[in-house]
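Peer 1: If you want the building blocks of each chain, they are given just below.
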Amino acid sequence: MLRFIYLYRNLTRNIPRTFMTCAAVALPIIIYVLSTAVIDGLNQFLDNSAKQLRLVTMHKTSFINPLPAGYRAKIESLDPTKKRITSVCGMRWIGGKIQDFPMPLSTLAVDVDTYPATFPDENLSAEEIAAWNRDRRALVVGAATARQLGWKVGDRVTINPSIPPYSPLEFNVVSTAPLAKDFVTNFFRMDYLEEELKKVSAPEGWTPDGWVSFFFVKCGTHADMDYFRMAIDELFARSPDETKTQDEKSFMTEFITQFFDLPTNLTILAGVTIFVALMAAANTMSMNIRDRLNEIATLKSLGFGPTTIFGLIQFESLALCSIGGFIGAALPYIAFNHTPLRNFTVPLIQALDVRMIVCLESLVIAFAIGVLAAAWPAWTGIRLKVVTALRNLE
Amino acid sequence: MVLPFYYNWRNLRRRRLSVTLTFFLVSVVVFVLAALLSFAAGIRASLAATGSSRNVIILKPGSTAESTSIMLPSEAARIVQAPNIAHGSTGQLLISPELCVQTNIPRRGPVGTPASVAIRGVDDIAYEIHAELKIIDGRRPRQGMMEIIVGKAARERYANLEPSGRLEMGRLANRVFTVVGVFEAGGGAIESEVWAPRTMLEDAFNRRFLSSVVVRLEDPAAARATIDYLNGPAVELDAQLETKYYDELSTKTREIVFLTTVLIGIMAIGAIFAVANTMYAAVDGRKREIAMLRTIGFARSSIMLSFVIESLLISTTACAAGLGASLFINGSRQDFLSDTTWTVLAYELRITPGILLSAFGLATLVGVGGALAPALKASRMRVIEALRKA
Numbered sequence: 023m024l025r026f027i028y029l030y031r032n033l034t035r036n037i038p039r040t041f042m043t044c045a046a047v048a049l050p051i052i053i054y055v056l057s058t059a060v061i062d063g064l065n066q067f068l069d070n071s072a073k074q075l076r077l078v079t080m081h082k083t084s085f086i087n088p089l090p091a092g093y094r095a096k097i098e099s100l101d102p103t104k105k106r107i108t109s110v111c112g113m114r115w116i117g118g119k120i121q122d123f124p125m126p127l128s129t130l131a132v133d134v135d136t137y138p139a140t141f142p143d144e145n146l147s148a149e150e151i152a153a154w155n156r157d158r159r160a161l162v163v164g165a166a167t168a169r170q171l172g173w174k175v176g177d178r179v180t181i182n183p184s185i186p187p188y189s190p191l192e193f194n195v196v197s198t199a200p201l202a203k204d205f206v207t208n209f210f211r212m213d214y215l216e217e218e219l220k221k222v223s224a225p226e227g228w229t230p231d232g233w234v235s236f237f238f239v240k241c242g243t244h245a246d247m248d249y250f251r252m253a254i255d256e257l258f259a260r261s262p263d264e265t266k267t268q269d270e271k272s273f274m275t276e277f278i279t280q281f282f283d284l285p286t287n288l289t290i291l292a293g294v295t296i297f298v299a300l301m302a303a304a305n306t307m308s309m310n311i312r313d314r315l316n317e318i319a320t321l322k323s324l325g326f327g328p329t330t331i332f333g334l335i336q337f338e339s340l341a342l343c344s345i346g347g348f349i350g351a352a353l354p355y356i357a358f359n360h361t362p363l364r365n366f367t368v369p370l371i372q373a374l375d376v377r378m379i380v381c382l383e384s385l386v387i388a389f390a391i392g393v394l395a396a397a398w399p400a401w402t403g404i405r406l407k408v409v410t411a412l413r414n415l416e
Numbered sequence: 374m375v376l377p378f379y380y381n382w383r384n385l386r387r388r389r390l391s392v393t394l395t396f397f398l399v400s401v402v403v404f405v406l407a408a409l410l411s412f413a414a415g416i417r418a419s420l421a422a423t424g425s426s427r428n429v430i431i432l433k434p435g436s437t438a439e440s441t442s443i444m445l446p447s448e449a450a451r452i453v454q455a456p457n458i459a460h461g462s463t464g465q466l467l468i469s470p471e472l473c474v475q476t477n478i479p480r481r482g483p484v485g486t487p488a489s490v491a492i493r494g495v496d497d498i499a500y501e502i503h504a505e506l507k508i509i510d511g512r513r514p515r516q517g518m519m520e521i522i523v524g525k526a527a528r529e530r531y532a533n534l535e536p537s538g539r540l541e542m543g544r545l546a547n548r549v550f551t552v553v554g555v556f557e558a559g560g561g562a563i564e565s566e567v568w569a570p571r572t573m574l575e576d577a578f579n580r581r582f583l584s585s586v587v588v589r590l591e592d593p594a595a596a597r598a599t600i601d602y603l604n605g606p607a608v609e610l611d612a613q614l615e616t617k618y619y620d621e622l623s624t625k626t627r628e629i630v631f632l633t634t635v636l637i638g639i640m641a642i643g644a645i646f647a648v649a650n651t652m653y654a655a656v657d658g659r660k661r662e663i664a665m666l667r668t669i670g671f672a673r674s675s676i677m678l679s680f681v682i683e684s685l686l687i688s689t690t691a692c693a694a695g696l697g698a699s700l701f702i703n704g705s706r707q708d709f710l711s712d713t714t715w716t717v718l719a720y721e722l723r724i725t726p727g728i729l730l731s732a733f734g735l736a737t738l739v740g741v742g743g744a745l746a747p748a749l750k751a752s753r754m755r756v757i758e759a760l761r762k763a
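Chains A and B, in that order, are what the protein sequence lines are.
Everything in the first sequence is counted per this note's numbering, starting at 23 for the first residue and increasing by one.
Everything in the second sequence is counted per this note's numbering, starting at 374 for the first residue and increasing by one.
Wrong hints could be hidden among the right ones.
Covered stretches of chain A (in silico footprint by chain B; criterion: 3 or more residues with CB under 8 Å from a CB of chain B, positions within the stretch not fixed) [claimed, not checked]:
1) 72-80
2) 153-166
3) 183-197
4) 201-211
5) 304-310
Don't read these hints as lab results, they were simulated from the structure.
We put the CB at the ideal spot given by N, CA and C, even for glycine.
Starting from the given sequences, assemble the full structure and let the hints guide the process.
Peer 2: Okay, here's the thing in structure tokens:
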């Protein structure tokens, strides 16, 4: 008990210093939490992709080359039982811009019949699926995009596609996919797009409709995925449009790493912030011990052993860093879960989801900083020669 | 009377560990600032160096970039009617029809992740219009040949783009093009591209349309009239100055600068607290000294100034060290995939004078901000009490 009082007194005897150290640890931890939250968001998205047993088939040379829509029937014919390939969904990217809104959207046309079955992770309710099937202009909006643009179910909205037909397309929002892992992408019906494309004048020998950007192939098991990944490419080998089929996670990773290689750069940033927090904490602890060398000497001469001295110094540092770490972890958690900042969309990554687990992890890191920061001061405390320290007393 | 600089220097050396830790902390913050800003500066420099205010780029209305623009040859044919188009050396109108496609080329390095590199198909006239393009190695591709030239940035960043290297392209990826030259374009974005004869590219990718048309103006001052004509009912295409087109592509960098400002703002406040902590300790450890200085006649203001200088000494030398470290990343090649053009832009990280300035600004802020409160405390110290305490 006495030791705890002593610890408490030590922390409160120089309040400005304690406060500033906590702040100097808390602020870098905030950045750490934010950058790991972004990485965590991407990983969650990728983990979901890995779980969904989906293959993505795209054109062998580049994602900008389209595939004939008729490939869907050929892929389906690989498994007449419909057990190993449960559904195939064609997808066509149209990008999209909203008037007076700077950010380009990510909007995709999908095959109307197979979309709900291929993407159960969109978690559409039975009514939403019914509305999707009923309404040719149905649009499923990504949750973050909907929040950003203020779109609600039942709204009538207009998107200007970035590719042919270029003319504005009108949609009825049927769902904002609140439970989906992908909060950004919007989906609408391919038959609507095809119909609009038929009105577009096209160069000779080329029709604008009847093409898709990718096929998403939902498989029954992991073994089926491995088998069909080869079988699909084999099927289209030596045809005018050869394909490249990979599992959804590899496909998505390839995309994400091309945007600034966000995961790598953010990991470096997170590492740097830990270093900054460590410097700040170590600085304070070394000053604290320097100021109190005579006290430590007194404690030693009174008979307190090295373990006690070591423990006292370590605990002081731990207390400082865990207060700082707690503040640093709690602030972004509260800000991004319980305040209007929740709707704030971060450029480049758009939606930020700060999960409890990320905050807890940073708290553990703060503990580690506490232990490391006190290592050298505690060592000095143990080795301190009582006589020399007391002699230097002013 | 001002305290001698030497006094500050000696004081710093007395508290070596604490000063070193603070020094490292500030230099890391400065380094992060410089590194993050160098991304934005590199991209901006590259895009700003692209395009000419004498050129007008024409796209299909509704498209957001060349790569999403599909223009029929019949639509492009209407462009010749526009006023104020310059004539070339042989008297023909300087109108360059261009086709932009992409192909995946692995990055250099052990992993070799594929990047979507822009391939531009042009006619010979394009070299008169894009006058900034200079062949630095080899020669131009000949029309009708499967030959390509590669930008300097693309050559450095992506694999197999050395002269006489071979690149498989096309809808079937079975057309082998040979690299016959390397070009530079004043550090502009087109240095990330590969250029090929347009007809060969049309054939290889089976595309019977154009992505964009670039025209050179006779009189840049009258650009408005030409653009209005092209956007108007006679042509009905989407024309803008080339410089404006590339400027709009660089809006993404504003987001990076914004994020950097927020992140560095938070870290800078943390650094101010750390510096303040160190300086408080310096003041507390020197109570008697300060009282003595006051007794022998140094004014409050000079004592305050002395502490601010001491703190600035730490933060500015740390800033210099941080910037020194950041020079190591200066010029290193990065690339990013634009979600507007869907092509990669290979650029160099740039530590610009502006970045140096903002780093020193940050260091000064941290130094002064951290020293202010402790210095005030020192200057307000009661002399007699401080001396008696001994």
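Peer 1: Now tell me if each hint is right for this structure.
Peer 2: Hints, verified against the model:
For a cut-off of 8 Å, the count of residues in the region 72-80 of chain A with a CB near a CB of chain B stands at 0, and the three-residue condition is violated. Counting residues of the region 153-166 of chain A whose CB lies closer than 8 Å to any CB of chain B gives 0, so the stated coverage by that chain is violated, three being the minimum. Three residues within the 8 Å Cβ limit are the bar, and the region 183-197 of chain A against chain B gives 6, so the coverage statement holds. Against chain B, the region 201-211 of chain A contributes 0 residues with a C-beta closer than 8 Å to a partner C-beta. That does not satisfy the three-residue criterion, and the hint is violated.
Here the region 304-310 of chain A counts 5 residues with a CB under 8 Å from a CB of chain B, which clears the bar of 3, and the coverage holds.
In this structure, the earlier hints numbered 1, 2 and 4 are contradicted, and the remaining ones agree with it.
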